[in-house]
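With chain G held as given, fit chains C and W onto it using these hints.
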Amino acid sequence: MNERVAIVAWAQTAYEACKPHQRVQEMVYEVVKKVREQTGLKFSEDGTGIDNAITASDDIWDARTISDTPVGDVVGAHHRSEEKVGQDGAQAVFYACAGILSGHYDVTLVVAHCKESQPASRNLITNLTFDPFFQRSLGLDYLSAAALQARAYMDRYGISPEQCARVVAKSYNNARGNPLILRARELSVDEVIRSPLIADPIRELDAYPVTDGACALILAREEKAKKITDKPVWIDGMGNAYDAYFLGDRDLWDCQSLKLAASKAYRMAGIKDARKEIDVAEVSAFYSYQELLWTEGLGFCPPGEGGKLLDSGATKISGQIPVNPSGGVLVGSPTIVAGMARVIEAAIQVRGEGGSRQVSKVRTALAHGTSGPCGQLHTVLILKG
Amino acid sequence: MEETWCYQVSGKLEIPYRYFAGEFLSRFFVELRDHKKILGVRCPTCAVVFFPPRSICGRCLSPLGEWVELGDTGTLQSFTVVRYSEPTHPLQAPFVLGLIKLDGADTGMLHLIGEAELSALRAGLRLRAVFKEKREGEILDILYFRPEPVAKEAGR
Amino acid sequence: MSRKRNVAIVGIGQTYHKSHRPDVNQVELVHEAVRAALEDARLSMKDIDCVVHGNMELFEGIHQPDMWHVDGDGGFLKSGFRLSTGGTTGGTLVSAADHLVASGLFGVVLAVGFEKQEEGHTTTGITAMADPLWGRTLMTGAISGVRAGLLVKEFGERAELAAARLRVKAADNALKNPFAHLKLKITVDDVMKSRLLAYPMRLLHMCPESNGACALILAAPEKAREISKKPVWIKDHVTVHMEETFYRGGPQRIVPSMDVAAKKLYQRNGIKNPLKEIDVFEMYDPSSWWELEWMEYFLQLKHGQNIDLVEEGATEIGGRFPINPSGGVVSTNPIGATAMIRVAEAALQVRGDAGKHQVPKEVRMAMASSFGGTLWTILHLLTREVEA
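Residue numbers (my numbering), protein chains in the order written: chain G, 778 to 1162; chain C, 27 to 182; chain W, 132 to 519.
Mixed in with the good hints there might be a few duds.
[What the hints assert, rightly or not] Partial chain C-side listing against chain W, Cβ under 7 Å, derived:
#: 1; residue: V35
#: 2; residue: K38
#: 3; residue: I41
#: 4; residue: Y43
#: 5; residue: Y45
#: 6; residue: S81
#: 7; residue: I82
Hints are computed from structural coordinates only; laboratory data are not their basis.
Glycine included, C-beta positions come from ideal geometry on N, C-alpha and C.
Only chain G is shown next, with the shape it has when bound in the complex (with noise of 0.2 Å):
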């Protein structure tokens, strides 16, 4: 690969319970109008500015058959091109990347949203990726599907629920540095121990809180990112990799995708001692024990010692391999968003712009997202200054 892709700009709404004074075509120009401003780039196919959209979003959490349809006004895509992806951020800045490495288009728009808010119940929704044979009838979701992976990973290497809730207890006090996230707070271990099981071994706070949001970002070939801002985060790595789909075909304690996808994603970027070289990682954990699950799956530590290396310190904002300074999923961030806006936290990392939350000396951090149930596939991206 010779010419680079760089983030030239982003932003990020508030993560709120809900924003009922939003529709979402609202929520994305909110964010969309902030990066052109940001950049003064408009519109354009004669090479002078933003000549392509990728947006991701979901037809079923929005009640709304081509979800894409309302944001294509906001997104510059009339008369233009918009193409949607229909699965977690992470995912749609991928694939603008290919589009720009591809030479097909230079500065391309990616932008993500999703009202969590606007379901009765998110279950409802995630039901349905579940088989109508085998398992849709059991009432399975993607919440009761984490709980038997929580189950099973904390069995195998005894991780305990006091270590999950310490990913949590974390994810809050680091949210505090980071203005979006509005249900930061202070929160004790012991407050996150003593919330209500919902599916065992999960308890309320170690789920990720219902949430409404979207974020945007533009992606720059290396000649125009180079004019547009002085400070581009090129995004030397990329990877992914879907597992099994059946919970049963897979080691539910493991995470084989997530290797798959990091592997590839360091090959790209150089990387040979994730451990050593990733200054900062923000990563998609949905409830507490995935980021530690998470953490083995990068090669953080080795695997078992997701709780160990939580315990150590090391993941603190302050510790060697930080994860999540910005609080990442569990304190608010919608599911679609939340990989990219994992993109866009690490990008501000490497930008320094990360304010209270910002850990000391970036030159590479790691952004993570994930779709499916229990992690099945996982997208792992290398942002550099």
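Coordinates of chains C and W only, in the frame set by chain G:
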């Protein structure tokens, strides 16, 4: 954010559906309904017996056709106690979902666990399927799996 | 834009599209097309680096169907993406595979689109397209008779006869295409007398709901020439969307996205006379009326010249500008696959492999269009040769 009244539209997206299991998989449901038999399928290339059955091996993409009769007993690999309520749920909360490796299968299946003390649930628990009297040819023709010792005590 | 490297279609596969496929579940349906494409390319799943999947999920009511379908499309432990852009989905999947290969990130990419239309409720899926605040209680279906009505107003019975002739052409061509869904033996008279739906749209003008899947394998030049004796090159592609609201200010004289797309594609590729320079066109025709109308924009015709061409028989399979030798969308419409089938059929023509529905003239360049959303358009330009 100041509290402002915002107009809302409520609605329901009803997606009537009718899914075809296909000719191959239909055999599984017929055997379950008519004979209380649980069939897995074997991939000769990967030397794996899959449950739930499928007509294509996802690993090597070979067509599969070798049915394997599995027992109605198995081992619990993982479980969760579902304590929230959704219209999609087959039972009132709290109920137990489990990942079960049937004897003879190399992969686990998901199903309900019944007649079990929540405190007795643990990976490694031996289970036996409990079938419905009147079966329709669906996965819930198995009502749930119950811990094996309980079944023994009941004099099965 | 400056294409980094050329990409070729090296494998083409599709199912026999039907109204009713109780014999397979979705995974198996998808697999049929995937297996066909792999066999066509003489490849195995080991050779595929990435799988791109898509459909319109609200039709079947399966959330993230790509997760379930890994058991049929070979996505297990592979890279993959899922894109969904309404009726244009199949075309987007081809463009996506093209980007992924041209980027250098992947060497061989499999794209698969499908729809098992009968399993859900198509009208529910279509109705949910409408904005819940404004149109949802009014929305009846995807296609209205407004534009057809304008053609009749201007050209009278000539227009109705032309649309009927196009439907008969589609039926005659479909009879030659083993994969086509509707294989009707009909006459112009049958079409003119068929049940009126919304004047002047009649039942026979309309596309069916089909169950089907289509898969294409795309590869980078070095690999493409290794894999296939007849790689079909993707010379270019263009995606043009439109704003959400239809008919702001009243019905427009043209469908802008099609005109914009055609102009862009031709300008970028030095095409001055599409009727002469393009050898065959697989147009996404959700109704025969739209095949008639949209000819004008795609081929940059003078107003009314489309009817002349139809009366001349120019777009028949043996004509000087064949359109839809496959039978088109009015014969076959598994929505998530439909737009990809246009590219697949155009590619078969370039390869000379369309069997009984192969156009008798030499095919050096073919074009395929996708349609969906709020009058969105994608155009793909395929060639037999490529500049080194």
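These are the hints, each one checked on the structure:
1. V35: Hint holds; V35/C Cβ to chain W Cβ min 5 Å, cut 7 Å.
2. K38: violated, 11 Å
3. I41: Holds. Min distance 4 Å.
4. Y43: holds, 5 Å
5. Y45: Constraint on Y45/C satisfied, holds at 5 Å.
6. S81: holds, 6 Å
7. I82: holds, 5 Å
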